[in-house]
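One line per chain: the protein sequences are A and B, in this order.
Residue 27 in the numbering used here sits at position 27 of the first sequence, and the numbers go up by one each step.
Residue 126 in the numbering used here sits at position 10 of the second sequence, and the numbers go up by one each step.
Hints were generated in silico from the structure; no laboratory data involved.
Certain hints may be false.
Rough simulated footprint, nothing fancy, chain A against chain B, three-plus residues with beta-carbon under 8 Å [to be verified]: (1) 132-141; (2) 154-164; (3) 173-179; (4) 203-215; (5) 220-230.
Chain B is faced by these chain A residues, among others (derived, beta-carbon under 10 Å) [unchecked claim]: (6) Leu4; (7) Phe12; (8) Lys31; (9) Val53; (10) Val82; (11) Thr87; (12) Thr88.
Beta carbons: idealized from backbone N, C-alpha and C, even for Gly.
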Amino acid sequence: MNILGIYYYWVFAVLLMIGFYAVIAKLNLIKKLIGLSLFQAAVFLLYITMGKVEGASAPIYGFGAETFSNPLPQVLILTAIVVGISTTALGLGIVVRIKEEYDSIEEDDIQEMDRR
Amino acid sequence: MTVIFGIFLLTLLLITAVAIVHTTNLFVAVMLMGIASLLIAANFFLLDAADVALTEAAVGAGISTVLFLGALALTSEREKSPTSRKALSFVVVTLAALVVIYATFDKPQFGSPDAPTQTYVAPWYLEKTQEYIDIPNVVTAVLGSFRAYDTLGEVFVVFTAGIGVLFLLAGSAGGGKRRAPVGSDVGLSQHLIPRVVGRLLIPFILLFGLYVQFHGEYGPGGGFQAGAIIAAAVVLYALLEGENKALQVIPQRVLLGLVAGGALLYGGVGVASMMMGGNFLDYSVLAADPVKGQQLGIILIEAGVGMTVTGVLLIIFHAFAARGR
Numbered sequence: 001m002n003i004l005g006i007y008y009y010w011v012f013a014v015l016l017m018i019g020f021y022a023v024i025a026k027l028n029l030i031k032k033l034i035g036l037s038l039f040q041a042a043v044f045l046l047y048i049t050m051g052k053v054e055g056a057s058a059p060i061y062g063f064g065a066e067t068f069s070n071p072l073p074q075v076l077i078l079t080a081i082v083v084g085i086s087t088t089a090l091g092l093g094i095v096v097r098i099k100e101e102y103d104s105i106e107e108d109d110i111q112e113m114d115r116r
Numbered sequence: 117m118t119v120i121f122g123i124f125l126l127t128l129l130l131i132t133a134v135a136i137v138h139t140t141n142l143f144v145a146v147m148l149m150g151i152a153s154l155l156i157a158a159n160f161f162l163l164d165a166a167d168v169a170l171t172e173a174a175v176g177a178g179i180s181t182v183l184f185l186g187a188l189a190l191t192s193e194r195e196k197s198p199t200s201r202k203a204l205s206f207v208v209v210t211l212a213a214l215v216v217i218y219a220t221f222d223k224p225q226f227g228s229p230d231a232p233t234q235t236y237v238a239p240w241y242l243e244k245t246q247e248y249i250d251i252p253n254v255v256t257a258v259l260g261s262f263r264a265y266d267t268l269g270e271v272f273v274v275f276t277a278g279i280g281v282l283f284l285l286a287g288s289a290g291g292g293k294r295r296a297p298v299g300s301d302v303g304l305s306q307h308l309i310p311r312v313v314g315r316l317l318i319p320f321i322l323l324f325g326l327y328v329q330f331h332g333e334y335g336p337g338g339g340f341q342a343g344a345i346i347a348a349a350v351v352l353y354a355l356l357e358g359e360n361k362a363l364q365v366i367p368q369r370v371l372l373g374l375v376a377g378g379a380l381l382y383g384g385v386g387v388a389s390m391m392m393g394g395n396f397l398d399y400s401v402l403a404a405d406p407v408k409g410q411q412l413g414i415i416l417i418e419a420g421v422g423m424t425v426t427g428v429l430l431i432i433f434h435a436f437a438a439r440g441r
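Work out the full structure, taking the sequences as your base and the hints as a guide.
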């Protein structure tokens, strides 16, 4: 049980770093944004996992539950998801404009054009 | 049992994430992102976060996929450049992962009721929700009343992102005149199965969205989720019938009105509570009975949140779709 108890956190660490790898190693701008979304998802999962209480139920009264999981991380992440999609959309908008100006969404192409 | 199922879902999620980063076909990557979102939503549900699962399913698996596809249609579907600094990035990422994993040995065990997170302020919110606000869903109570300032801030962030996308994409492409819309009102209408299934589903998705909006105090739900679900229904309609038809149903100015109106309604409730002698966003003064006032305030601000989120998500969708013509 000891390893199972922290296995969740390891998954988030790995997921976080998979996302981060896409951000730093991939040159395609859309791929970078996808990596950022994965990174974000890992943080969301970490928060929600920390709020879980063994044997408890969702923090809603009236369904006969006695103990509840922590509602605070849920509130934070609930809003963060919607804010996350809005900021991702803004990022995609910038990528589309870059494509129109440079005719490329590859970071190395764009930097070369800037140097010229 | 729950733990085993959770571990299964998370392992699938890791495999999906590796596949997302590995593939050079961005279309595949976006589709896999949808699957990853669904896995994440299922996992949220296992972790007792019903509200969050609902949001993630609607936003991550629904709207985010459509937005990424819209961006792909305007850019390109394939990654051209090879991965750069592969070895260096891999070393950095592995080291960072090991540091984070090392830190987890100090973390409390999964689900432990004595963890600092569970013992500090959370019990206060769980107890006082019934006394001060008396609605069953504690998440909605915290979101709408206890932490209403934060939520107002989030609504403004969403609002600003919508305005930002409009600034970036609503102008005409390349400074020239926008081309006449050719075939953009066709959608998927020649495809029989998506059309029939979609037509059957859309009314129910809308109804579910409204249910989630107005039942948010009693069950999982609220403005953020409802906004995402209603936007998803309209996006589905636009995909099936063509974007122009969707714009005829809900014109752009109505969407702009929703965006600004929702944020104004939220702020207006705050100002109204100041006018009536309370603090900003202190709903207790809105009705004779403080508890009733809290409930009224939450219903109003949730409506504001729902309006803004629906409006912004649809405006962003239409901005991408219009650019593609």
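Going through the hints against the structure:
1. Counting residues of the stretch 132-141 of chain B whose beta carbon lies closer than 8 Å to any beta carbon of chain A gives 4, which reaches the threshold of three, so the coverage claim holds.
2. Under the rule that three or more residues need a Cβ within less than 8 Å of chain A, the assignment of the stretch 154-164 of chain B holds, with 5 such residues.
3. Counting residues of the stretch 173-179 of chain B whose CB lies closer than 8 Å to any CB of chain A gives 3, which reaches the minimum of 3, so the coverage claim holds.
4. Remark: the stretch 203-215 of chain B is confirmed as covered by chain A, as 7 of its residues place a Cβ nearer than 8 Å to a Cβ of that chain, reaching the required three.
5. Using a Cβ-Cβ cut-off of 8 Å, 8 residues of the stretch 220-230 of chain B lie near chain A, which meets the minimum of three, so the contact claim holds.
6. Against a cut-off of 10 Å between C-beta atoms, the interface hint on Leu4(A) holds, since the closest Cβ of chain B lies about 6 Å away.
7. At a threshold of 10 Å, the smallest CB-CB gap from Phe12(A) to chain B is about 8 Å, leaving the interface hint in force.
8. The restraint placing Lys31(A) at the interface with chain B holds, with a minimum CB-CB distance near 6 Å, inside the 10 Å limit.
9. A least Cβ separation of about 5 Å between Val53(A) and chain B falls short of the 10 Å threshold, and the interface hint therefore holds.
10. The criterion of a C-beta within 10 Å of any C-beta in chain B is met by Val82(A), whose closest approach is roughly 5 Å, and the hint holds.
11. Because the smallest distance between the Cβ of Thr87(A) and any Cβ of chain B comes to about 6 Å, under 10 Å, the interface hint for this residue holds.
12. A least Cβ separation of about 7 Å between Thr88(A) and chain B falls short of the 10 Å threshold, and the interface hint therefore holds.
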